[in-house]
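Construct the complete structure from the given sequences, taking the supplied hints into account.
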Amino acid sequence: MAAPHADQPSAAAGSARPASGAPLLELTGFSKSFGPFTALDAVSLTLRAGEIHALLGENGAGKSTLIKTMTGVVQRDAGVMRLEGVPVMPRSAGEATAAGLATVYQEVNLAPNLTVAQNLFLGRQPTFLGIVREREMRRRARAVLADFDLDIDVSAPLESYSVAIRHIVAIARAVDQSARVLILDEPTASLDAHEVEVLFAVMRKLAARGIGIIFVTHFLDQVYAICDRITVLRNGRLAGTGTIAEMPRMTLVRTMLGRELAEATAERHERADLSAAPELVRLEGFGKAGYVAPFDLTLRRGAVVGLAGLLGSGRTETARLVFGAERADSGSATLDGRPVALTGPREALTLGFGYCPEERKTEGIVADLTVRENIVLALQARRGVLKPLSRAEQDEIAKRFIRLLDIRPPDPERPIGLLSGGNQQKALLARWLATQPRLLILDEPTRGIDVGAHAEIIALIRTLCAEGMALLVVSSELEEIVTYADEVIVLRDRAHVASLTGAAITVPAILAAIAEDGEATANAA
Amino acid sequence: MTPASSSVSRLVPVAATTVVFLLGFLICALTFPNFASLRVVMNLLTDNAFLGIVAVGMTFVIISGGIDLSVGSVIGFSTIFLALAIERWGIPPFAAFALLLVICALFGAAMGAAIEFFALPPFIVTLAGMFLARGTAFLLSTDSIPITADLYGHLSDHAIRLSGGARLTVPAMAMLAVVAAGMVLLHLTRFGANVYALGGSRQSAGLMGISVGRTTVLIYTLSSVLAGLSGIVFSLYTSSGYSLSGVGVELDAIAAVVIGGTLLSGGYGFVFGTFVGVLIQGLIQTYINFDGTLSSWWAKIATGLLLFGFIGFQQFTLHMARRPRRRATTGSAAANAAGAAS
Numbered sequence: 063m064a065a066p067h068a069d070q071p072s073a074a075a076g077s078a079r080p081a082s083g084a085p086l087l088e089l090t091g092f093s094k095s096f097g098p099f100t101a102l103d104a105v106s107l108t109l110r111a112g113e114i115h116a117l118l119g120e121n122g123a124g125k126s127t128l129i130k131t132m133t134g135v136v137q138r139d140a141g142v143m144r145l146e147g148v149p150v151m152p153r154s155a156g157e158a159t160a161a162g163l164a165t166v167y168q169e170v171n172l173a174p175n176l177t178v179a180q181n182l183f184l185g186r187q188p189t190f191l192g193i194v195r196e197r198e199m200r201r202r203a204r205a206v207l208a209d210f211d212l213d214i215d216v217s218a219p220l221e222s223y224s225v226a227i228r229h230i231v232a233i234a235r236a237v238d239q240s241a242r243v244l245i246l247d248e249p250t251a252s253l254d255a256h257e258v259e260v261l262f263a264v265m266r267k268l269a270a271r272g273i274g275i276i277f278v279t280h281f282l283d284q285v286y287a288i289c290d291r292i293t294v295l296r297n298g299r300l301a302g303t304g305t306i307a308e309m310p311r312m313t314l315v316r317t318m319l320g321r322e323l324a325e326a327t328a329e330r331h332e333r334a335d336l337s338a339a340p341e342l343v344r345l346e347g348f349g350k351a352g353y354v355a356p357f358d359l360t361l362r363r364g365a366v367v368g369l370a371g372l373l374g375s376g377r378t379e380t381a382r383l384v385f386g387a388e389r390a391d392s393g394s395a396t397l398d399g400r401p402v403a404l405t406g407p408r409e410a411l412t413l414g415f416g417y418c419p420e421e422r423k424t425e426g427i428v429a430d431l432t433v434r435e436n437i438v439l440a441l442q443a444r445r446g447v448l449k450p451l452s453r454a455e456q457d458e459i460a461k462r463f464i465r466l467l468d469i470r471p472p473d474p475e476r477p478i479g480l481l482s483g484g485n486q487q488k489a490l491l492a493r494w495l496a497t498q499p500r501l502l503i504l505d506e507p508t509r510g511i512d513v514g515a516h517a518e519i520i521a522l523i524r525t526l527c528a529e530g531m532a533l534l535v536v537s538s539e540l541e542e543i544v545t546y547a548d549e550v551i552v553l554r555d556r557a558h559v560a561s562l563t564g565a566a567i568t569v570p571a572i573l574a575a576i577a578e579d580g581e582a583t584a585n586a587a
Numbered sequence: 181m182t183p184a185s186s187s188v189s190r191l192v193p194v195a196a197t198t199v200v201f202l203l204g205f206l207i208c209a210l211t212f213p214n215f216a217s218l219r220v221v222m223n224l225l226t227d228n229a230f231l232g233i234v235a236v237g238m239t240f241v242i243i244s245g246g247i248d249l250s251v252g253s254v255i256g257f258s259t260i261f262l263a264l265a266i267e268r269w270g271i272p273p274f275a276a277f278a279l280l281l282v283i284c285a286l287f288g289a290a291m292g293a294a295i296e297f298f299a300l301p302p303f304i305v306t307l308a309g310m311f312l313a314r315g316t317a318f319l320l321s322t323d324s325i326p327i328t329a330d331l332y333g334h335l336s337d338h339a340i341r342l343s344g345g346a347r348l349t350v351p352a353m354a355m356l357a358v359v360a361a362g363m364v365l366l367h368l369t370r371f372g373a374n375v376y377a378l379g380g381s382r383q384s385a386g387l388m389g390i391s392v393g394r395t396t397v398l399i400y401t402l403s404s405v406l407a408g409l410s411g412i413v414f415s416l417y418t419s420s421g422y423s424l425s426g427v428g429v430e431l432d433a434i435a436a437v438v439i440g441g442t443l444l445s446g447g448y449g450f451v452f453g454t455f456v457g458v459l460i461q462g463l464i465q466t467y468i469n470f471d472g473t474l475s476s477w478w479a480k481i482a483t484g485l486l487l488f489g490f491i492g493f494q495q496f497t498l499h500m501a502r503r504p505r506r507r508a509t510t511g512s513a514a515a516n517a518a519g520a521a522s
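So the sequence lines, in the order shown, correspond to chains A and B.
Heads up, the first sequence is in my numbering, so the first residue is 63 and it goes up one at a time.
Heads up, the second sequence is in my numbering, so the first residue is 181 and it goes up one at a time.
It should be emphasised that the hints constitute simulated quantities derived from the structure, not laboratory data.
Beta carbons: idealized from backbone N, C-alpha and C, even for Gly.
Warning: the hint list may mix true and false statements.
[As the list claims (entries may be wrong)] Part of the chain B face toward chain A, derived, beta carbon under 8 angstroms:
1) Leu320
2) Ser324
3) Pro326
4) Ala329
5) Ala373
6) Tyr376
7) Gln383
8) Gly386
9) Gly447
[What the hints assert, rightly or not] Covered stretches of chain B (in silico footprint by chain A; criterion: 3 or more residues with CB under 8 angstroms from a CB of chain A, positions within the stretch not fixed):
10) 224-238
11) 483-489
[Unchecked claim] Which bits of chain A does chain B cover? Going by a derived footprint, with three or more residues having C-beta under 8 angstroms, they are:
12) 155-169
13) 188-197
As structure tokens, then:
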């Protein structure tokens, strides 16, 4: 993976890819305002053929707006875009695709109810006298996917396949429509390590064919693993651009944040041994058939238990069982030594549990309600309809948490759907903190949010334990878990397979536990 | 669950509807000795022709994630318009048919355009369309006007005679043709795939470069044109025009579509299921006619119960279809874990 990184700043020669000096896509002076808010301010970007170009920035830096203005989903106020020297100005996603500029979004924009073949060829199916030639379409679909080393039943509905496969189908569709520029908007956010490798292989293959790829991601490791060059946006402006050799990790982070980030993210804080701390919740033989195999789990006051494992290994499932969102069919639970029944979220709430789910958009926030309403939601639910919070109380709570968690913009009356991902996540945290829970369950608290908010949320997790709260955190970022967990439970194939405590908590140890037989994993840390 | 079996599972609701129809027919045949004849079947087609035609249009609308409440009123408008055009204004019947279908097409296109360009919910737009069409029908005339044109006598006499005194009438032929054409259009053309795509996700369909606006307008145009055609068939069937005809037919059509296994939230369904759904409703009515002692309102009650039953069944099959999918995810995760370990 080191070879392509030797590019010279001036010309992208020496790379294995056919990256020529002439730019494939050139943006200059892209600007866009929404009312008084400037989302993009004279941003420029140059993409060469065969190049994988990372587009980075914190939440709200303008990445999404840049992509939308490029592809015509949103009309730009000013700016010129040249594709191979020819000015193009698409006014819709369809026109952008026709011009050779295709986007694959994080939430794959395909029709899940249609077959894979229909998704690949929707709108351009081979027809004879107006009738779609189903057999021919399937044959072509198989041929297209074979190019991506994907051998699946193309006549099955897309929804029967994993997110990774849907991504590849979306990319295949774009490439097959003679895309010369491919924009991947956080494609890896919901993929596990293996799926990411598969996707990267596809990206390298496309780059080798001379397609220019703009890759938006929040995973810095991935940037250095696959990209040739980086463009960083901050507050709607171009903050920096260069090859990855010119932008080592620290420079990149500084460029993204505009300030120094405490280099704490990979260092473990030495902490007191908490194995003697008072028990809050003890689960024995807890599990559900076909969901998670029975496990034992002890949550102590002031301690963080991390759940690590691959996507789909049973991490989220464990969290849902503990909260009662999914009902266990075996085992027993005690709270402060007294037996309790975890039968549902309502009971969990009364017991003083809080749960921030992984799927912010579908399970967490109520997008049309304001930040204030979202924050007081759980507290109100806990108090019951008969004891409504007065408006003054609501305002007080909302203001306090907006200040405490630095939610931006600090406007409690703004619909939460308009906030960036990181700020939505903070508001969700605030919702549970407002109930003053004794146990807080966080599922991927840092997923899809930027580096700055990342660090803030990690710092917040530490503060919460210091205050005596018990935490159960699911995370796929091992470096992150290592920094704050007092105990790490490793899951594999829907079962708890290992428990690490104290000094044993290291990234290699977790990886070894995930891989069990101690062989070196594909993902060398 | 393999992906192949999940494509089979989409056929479950339609298969269930068909089984219910066959069972119902069996019960009727066992109860009434004369029931199991070609003649009864042909009458079933003739009597429900207008409903079948409208329901095909409704299938497109519902699969695309919409609803069309205006079709019953459009039928009423169509019959009174035809009666006046042919009897009072002296327009030749075929010219009147053509004119009517053009009016209906424009009406449907206008509703589709309103839904798309003002981003209005189809429920409200077509509700307005329902009042508009019914109101206009009353404005034309409040009387029931018999249609005496030669063509009408001709067309209602014209039928393919089958054994046992059974007759495949013009309305029945029209319905079968519409059902067949609807199946081709929905299942075999690009337009049909776009209809499903819209029902799956409007936003995605737009981002895939499908012209969402054009497709929406076409869907509602199709529905209104079929409602107009249904009005023509209805006027043939009754040889008259009356502004109150077709009241509540939109609801019967929606019921037929849902009983036929189409998901009311869009994205899934088949024209054939709708056809069987129409036949089931016709079968209930026929049973009551044969019995002779039951109030005809029992038909509504039976339809209501069936609707409940089918919606419950749909939820059940959806639930069953989703459960194994979760297990399938685990399987692939296990495979991935194995891949990462090696």
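Next item on the list: Go through the numbered hints given earlier and state which of them the structure violates, listing their numbers in rising order.
Entry: As far as the earlier hints go, 1, 2, 3, 4, 10, 11 are violated by this structure, in ascending order.
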